[in-house]
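Place chain W on chain H using the hints.
2 protein chains.
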Amino acid sequence: MEAKYKKIKQSIKSKILEGLIIPHEKISSETVLMEKFKVSRHTVRLALGELVNEGWLYREQGAGTFCADRSSIQKRSTYELPAKNIAIITTYISEYIFPSIIRGAESFLSEKGYHVSIFNTNNKHDQEQRVLEKIINGNYDGVILEPTNSASANPNLRYYLMMEKELIPYVMINADYDELEPVSFMLDDVRGGYLQTKHLLELGHSDIACMYKTDDAQGRKRLKGYIRAHRELQVAINPKNIISYHTENMNSKPFDALKMIMDAKNNAPTAIVCYNDQLVLRLMDMLREDNIAIPEHMSFVGYDDSMLAEISEVKLTSIVHPKSQMGIDAAKAMISMIEKKSQYHNQDLSILYEPALKVRQSTVSVKKGADIS
Amino acid sequence: MEAKYKKIKQSIKSKILEGLIIPHEKISSETVLMEKFKVSRHTVRLALGELVNEGWLYREQGAGTFCADRSSIQKRSTYELPAKNIAIITTYISEYIFPSIIRGAESFLSEKGYHVSIFNTNNKHDQEQRVLEKIINGNYDGVILEPTNSASANPNLRYYLMMEKELIPYVMINADYDELEPVSFMLDDVRGGYLQTKHLLELGHSDIACMYKTDDAQGRKRLKGYIRAHRELQVAINPKNIISYHTENMNSKPFDALKMIMDAKNNAPTAIVCYNDQLVLRLMDMLREDNIAIPEHMSFVGYDDSMLAEISEVKLTSIVHPKSQMGIDAAKAMISMIEKKSQYHNQDLSILYEPALKVRQSTVSVKKGADIS
Numbered sequence: 001m002e003a004k005y006k007k008i009k010q011s012i013k014s015k016i017l018e019g020l021i022i023p024h025e026k027i028s029s030e031t032v033l034m035e036k037f038k039v040s041r042h043t044v045r046l047a048l049g050e051l052v053n054e055g056w057l058y059r060e061q062g063a064g065t066f067c068a069d070r071s072s073i074q075k076r077s078t079y080e081l082p083a084k085n086i087a088i089i090t091t092y093i094s095e096y097i098f099p100s101i102i103r104g105a106e107s108f109l110s111e112k113g114y115h116v117s118i119f120n121t122n123n124k125h126d127q128e129q130r131v132l133e134k135i136i137n138g139n140y141d142g143v144i145l146e147p148t149n150s151a152s153a154n155p156n157l158r159y160y161l162m163m164e165k166e167l168i169p170y171v172m173i174n175a176d177y178d179e180l181e182p183v184s185f186m187l188d189d190v191r192g193g194y195l196q197t198k199h200l201l202e203l204g205h206s207d208i209a210c211m212y213k214t215d216d217a218q219g220r221k222r223l224k225g226y227i228r229a230h231r232e233l234q235v236a237i238n239p240k241n242i243i244s245y246h247t248e249n250m251n252s253k254p255f256d257a258l259k260m261i262m263d264a265k266n267n268a269p270t271a272i273v274c275y276n277d278q279l280v281l282r283l284m285d286m287l288r289e290d291n292i293a294i295p296e297h298m299s300f301v302g303y304d305d306s307m308l309a310e311i312s313e314v315k316l317t318s319i320v321h322p323k324s325q326m327g328i329d330a331a332k333a334m335i336s337m338i339e340k341k342s343q344y345h346n347q348d349l350s351i352l353y354e355p356a357l358k359v360r361q362s363t364v365s366v367k368k369g370a371d372i373s
Numbered sequence: 001m002e003a004k005y006k007k008i009k010q011s012i013k014s015k016i017l018e019g020l021i022i023p024h025e026k027i028s029s030e031t032v033l034m035e036k037f038k039v040s041r042h043t044v045r046l047a048l049g050e051l052v053n054e055g056w057l058y059r060e061q062g063a064g065t066f067c068a069d070r071s072s073i074q075k076r077s078t079y080e081l082p083a084k085n086i087a088i089i090t091t092y093i094s095e096y097i098f099p100s101i102i103r104g105a106e107s108f109l110s111e112k113g114y115h116v117s118i119f120n121t122n123n124k125h126d127q128e129q130r131v132l133e134k135i136i137n138g139n140y141d142g143v144i145l146e147p148t149n150s151a152s153a154n155p156n157l158r159y160y161l162m163m164e165k166e167l168i169p170y171v172m173i174n175a176d177y178d179e180l181e182p183v184s185f186m187l188d189d190v191r192g193g194y195l196q197t198k199h200l201l202e203l204g205h206s207d208i209a210c211m212y213k214t215d216d217a218q219g220r221k222r223l224k225g226y227i228r229a230h231r232e233l234q235v236a237i238n239p240k241n242i243i244s245y246h247t248e249n250m251n252s253k254p255f256d257a258l259k260m261i262m263d264a265k266n267n268a269p270t271a272i273v274c275y276n277d278q279l280v281l282r283l284m285d286m287l288r289e290d291n292i293a294i295p296e297h298m299s300f301v302g303y304d305d306s307m308l309a310e311i312s313e314v315k316l317t318s319i320v321h322p323k324s325q326m327g328i329d330a331a332k333a334m335i336s337m338i339e340k341k342s343q344y345h346n347q348d349l350s351i352l353y354e355p356a357l358k359v360r361q362s363t364v365s366v367k368k369g370a371d372i373s
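Line order of the protein sequences matches chains H and W.
So the first sequence is residues 1 to 373, counted in UniProt numbering.
So the second sequence is residues 1 to 373, counted in UniProt numbering.
Next up, chain H with everything else stripped away, as it sits in the complex (with noise of 0.2 Å):
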């Protein structure tokens, strides 16, 4: 019964989180959610309760139930937090290159007295709903976010404009939910996947196979970075080298196709740009197994320019991304949202990173490589 009651609470107060429910709005009666929740009077009466002692809604005698006017709330007093709070969304918090940006911004934020919340997502639109309800009900000043599965509409829109209602700015940070013109910090990305191909095509590669991850915009214009470096260098593009993957299938799906790429033996891609260092390593490591010499049998590019293009064993040719500096930037934007409270979309605080090629020992030129059988 608990978990029914709790199940009715959380229902209401979406529905006011997403603005469905509006202030001074009335609730349906006890009887309509029974029928729609099939549970007991006694149930309905305990998940309204609380709410009304919650502040999220009110009773008039003899009316009914009504949705409380949260803006007149007092929001400080009923909420532990301290007083000046930035929340940081990320779609994973891995040991990759979060932490170096999360270091940036919360340095800089820190010593302007913020106090930091880390909020992930895994990269799905649920649960970014359900942080998001967090940080609108939360005592928030400002949020600073990794787009979750940004290559897809974002549901969640709703949520981004009731920030803005509420004048909680928000910055994003290597993608955007281009639909709300966002103040953002973003690498590049066609310019990265561009750099990575003409890297390799200039190399002398010619049949080059790509894994990117395209259910996050990253991917995708990384990818059309690939495809205009073939185009301007007028080498043609095998089309079964393009190679794309999901969050779902992150885990099978590249390492499938290298399988499939050295069964294919002489007639083989040379060389595999990737989504970040992090694929490269994995890929690696397989080819390892089948003692096959890197990079004189197949060249990799990275991207990101991580911790692990350095601590390989062969070290990665990668892109690089500002990474802290990009979390310094984003918090030095977001402090002056906060500040200036007219600033929310001005595009003038927007940075567009640059990308570079660091050339290190993952790639070679073509003809120094051997034949693969």
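Since the hints were made in silico from the structure, they are not lab data.
Some hints could be false.
Which copy is meant is left open, so a pair is good if it fits within one copy or across any two.
Said to hold, decoys possible - Listed next, the in silico PhoX-like pairs over lysine-lysine satisfying Cα-Cα at most 25 Å (straight line): (1) Lys259 x Lys36; (2) Lys6 x Lys134; (3) Lys265 x Lys13; (4) Lys341 x Lys112; (5) Lys124 x Lys253; (6) Lys26 x Lys265; (7) Lys38 x Lys7; (8) Lys36 x Lys265; (9) Lys265 x Lys165; (10) Lys259 x Lys9; (11) Lys265 x Lys15; (12) Lys15 x Lys4; (13) Lys198 x Lys315; (14) Lys253 x Lys13; (15) Lys341 x Lys6; (16) Lys259 x Lys38; (17) Lys253 x Lys38; (18) Lys15 x Lys259.
Just chain W now, kept in the frame of chain H:
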């Protein structure tokens, strides 16, 4: 059994068309195929036999079965299609604006001696794949297509690259697959959504709902325009007013949303901007049943300025779409690309049409509107 051998045939053909099996590559042995498809040797032989007869595979005594080099086949002689063929791929062959676009293209192409074939994908990527296989396998000189599900990453990009390899030029209408940077003919949809919304804001509406189909790039762009207009005219957006739907729920979500809107009575928006005229007509019909006067109680702005805008009881304010002119322009570019084989990605051929607003009877100043209740 017939179904099974056809399945094997189709699977091998797909792999060849996708470039996963390349000319002169050895096909898996009969035993491997028997195991993979869980069929008898007889069934495998039937499938391979037909593929050999149809020129997809060839046998070499004692060595096995190999993928044929289809580029050397004289295609024209093996098909019964006339010599000059253009394929037009649309998402829906509805009675909506597509017939005008197609008529425009068809009239121009037939004058030039081309035969036009029409395909549709129902806005599904797997259906698009089957159509593309047919086209690559067929005898087409060029393809005019409307992208399928264009707001998401397209899993069929390989087929477009395959077309480039086979020197089949393509142009895109209404939207594009950005990664390919194709020659395209599109309406400026951000501007279109902006004009729809600005018109209502200037009429004094401040509570405007939008209903856009966001699995197509057009819908996402129009939504961007809707948001931009609000910001530019400094009117706060009510988050609940953002209603986005997909192909899957296009026949339910907008209508459920209208029901909720009308239940809100005094809190209901005073105007709705719609993805297209077709949607406006269906929504107006729902309101008419409830005896709600249009435009006095609800203003509507359509999109496409279709025949429907003129023939409905209340004539629609709508955004003008170039329709048959778009078809003619796309056909002209197509012919130019066929004649000068080098211009496949010449962006000078692309056209971004400037939308215009056609004001009729479905919108009215909010001051003239009466209270709904």
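*For which of the previously enumerated hints does the structure constitute a violation, in increasing order of number?*
The structure breaks only hint 15.
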